[in-house]
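S.K.: Position chain L relative to chain A; hints supplied.
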Amino acid sequence: MNDKSTWEFGTRQVVYGAIGAALYGGLSLLTNVIPLPAAGNITFRPAVAVLIFFGAAYGPWVGLLAGFFGNTIGDWFAGWGFYWHWSLGNGLMGMVPGLIMASIKDFKARPEIMKAVGWGTLGIAVGMLFASVMEKLTGGIDWSTAIVGYFVPAFLGNFIVTIILLPILMIAFAGVAAQRGR
Amino acid sequence: MLVSWKYRPRNTFIQRLDPRTRFIFMVCIIFALTISDIWDYRIIFPVFAISLTLYLMARIEWKDVRRAFIYIFILVFFIVGLNGMLSGRGGPSSVTNIPSPVVFTVPFKIPWTDLGWDVAVTVSKIWFALNQMVRMLTMAMLAIPIPYTLDPNIYGTAFKRMGVSDKVSFTMDLAFRFLPTTVRDLMITMDAQRARGYEMDKLKGGLFSRIRKLAPLVIPVVMQSTVTGEEVIDAMDLRAFGTAPRTWLKELHYANRDYLMIGLGVAIFVACCILKWGFGIGGFIVPQFFTNLLVG
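Chains as they are written, first to last, in our numbering: chain A, 24 to 205; chain L, 82 to 377.
Heads up, some of the hints might be wrong.
Some but not every residue of chain A turned toward chain L, in silico, with C-beta under 7 Å [claimed, not checked]:
#: 1; residue: GLY33
#: 2; residue: THR34
#: 3; residue: ARG35
#: 4; residue: VAL37
#: 5; residue: ILE42
#: 6; residue: ALA44
#: 7; residue: ALA45
#: 8; residue: LEU46
#: 9; residue: GLY48
#: 10; residue: GLY49
#: 11; residue: LEU88
#: 12; residue: PHE92
#: 13; residue: ILE191
#: 14; residue: ALA195
#: 15; residue: VAL199
These aren't lab readings, by the way, just hints derived from the structure by calculation. Bear in mind the structure is a predicted one, so any value in this text is a computation, not a measurement. Don't be surprised by glycine CBs; every beta carbon is placed ideally from N, CA and C.
Chain A extracted, bound-state conformation (with noise of 0.2 Å):
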């Protein structure tokens, strides 16, 4: 189920970017309402191990047009408005773990998830990172707030998600590929 061709941009990409963004989309509607402790505007979202999964399996581009649109459609659902930083932010979530997958050969190996889930932690720092500070140049917020208040506990939320959620999906998805044999 996989094109090895990291940075290709085709009808794959085009069908799992937009699959990968309703999915996003669609669970973190459903799960929009679970606000993190602590945090300003922010909610619990266990979509992103979603989104991680769609970066790792189906690479960069696919990751990025994932979050970018899936958090773009989440937050105009649920009637957030349109917030580009965090959208970039989600996208750049999704883009960072899809930098491996050309190098993930077997997705139910363990050396594998834990590859996978290192570099859905660090797309998730970068991602985060980067609406945070954002947030902090659009909204007027303070240093601190933008890390305590926003970074630290959007970080701390995905990265439990992944951790639990990720490795799940990558098993379940080694035997899809493994029964459709492509």
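M.R.: Only chain L this time, still in chain A's reference frame:
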């Protein structure tokens, strides 16, 4: 495979607008409030009135949007409002920096310990929470009608005509089309799992346990989507998607009303920027009447 939106054609001014106009106007309002960092109620409330007017002009029946509004009100009032009122965070630091009379205190206590503290709710925090809620509703009022009043067939065309590439436009187009299918799949999966004894409404245990218990809902939907994706790719490849510049069935044309709305949006954006950066107006202030109202 695909299900449609609750979109219905209505003969309204809003639906006669070019979709690009609506996106551009919405972006103008969002940028006007966020980029210039407007927190002044003298600007936020009039812009909210414009958003509300446009929303009402869309003439969407209450029964259609009731659930969305209940959800949004819960989100805005309980998450944003309460958070803003208790912490004063999520906006400018002046909310907590300026001296403000305390209206009441909320005691917090860590369970099973003697540790605890009182959170002071000040006039400034309450006014900030109110402003933040109105600010968010201003943007939400422009976003909510979109799925109800914008033909799903023209999302892709609209993005393409705004200068986005074919593939990215089509990704956005497909994402909007997949969303109802995804939500439907989630509902079907939830019902199927409930029939097997899965109780999503009663997820118990710690944070880790609760997340793990979401797996029976999330995994089948994601895996089904990956399989569906292969079928969609095959169908698109058979139609030679991406081999040449794509043509779009729908044509879009601006009318005078579109220029009027875009002009209004740009004017609001420019006015907010000039007020904020030119005259220093637009920062967070607490009006005296509100202070008098709460503390006399």
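S.K.: Evaluate each hint against the coordinates.
M.R.: Structure-based check of each hint:
Checking A:GLY33 against chain L by beta carbon gives a least distance of about 6 Å; that is within 7 Å, so the hint holds. A least Cβ separation of about 5 Å between A:THR34 and chain L falls short of the 7 Å threshold, and the interface hint therefore holds. With a cut of 7 Å, the hint placing A:ARG35 at the interface with chain L holds, because the nearest CB-to-CB distance is about 6 Å. For A:VAL37, the suggested interface contact is upheld, since its CB lies about 5 Å from the closest CB of chain L, less than 7 Å.
The criterion of a C-beta within 7 Å of any C-beta in chain L is met by A:ILE42, whose closest approach is roughly 5 Å, and the hint holds. Satisfaction of the interface hint for A:ALA44 is found here, the shortest Cβ-Cβ separation to chain L being roughly 4 Å, below the 7 Å cut-off. Given the 7 Å rule on beta carbons, the hint for A:ALA45 holds: about 4 Å separates it from the nearest Cβ of chain L. The interface hint given for A:LEU46 is met, as the beta carbon of that residue sits about 6 Å from the closest beta carbon of chain L, less than 7 Å.
With a cut of 7 Å, the hint placing A:GLY48 at the interface with chain L holds, because the nearest CB-to-CB distance is about 6 Å. Hint status for A:GLY49: holds, given a least beta-carbon distance of 4 Å to chain L, under 7 Å. The beta carbon of A:LEU88 is positioned within 7 Å of a beta carbon in chain L (closest approach about 5 Å), and the interface hint is therefore held. Proximity of A:PHE92 to chain L holds as hinted, the smallest CB-CB distance being about 5 Å (cut-off 7 Å).
Checking A:ILE191 against chain L by beta carbon gives a least distance of about 5 Å; that is within 7 Å, so the hint holds. Annotation: A:ALA195 was flagged as interfacial toward chain L, and the flag holds, the nearest CB pair being 5 Å apart, inside 7 Å. At about 5 Å, the closest approach between the beta carbon of A:VAL199 and any beta carbon in chain L falls short of 7 Å, and the interface hint on this residue holds.
Hint violations for this structure: none, all hints satisfied.
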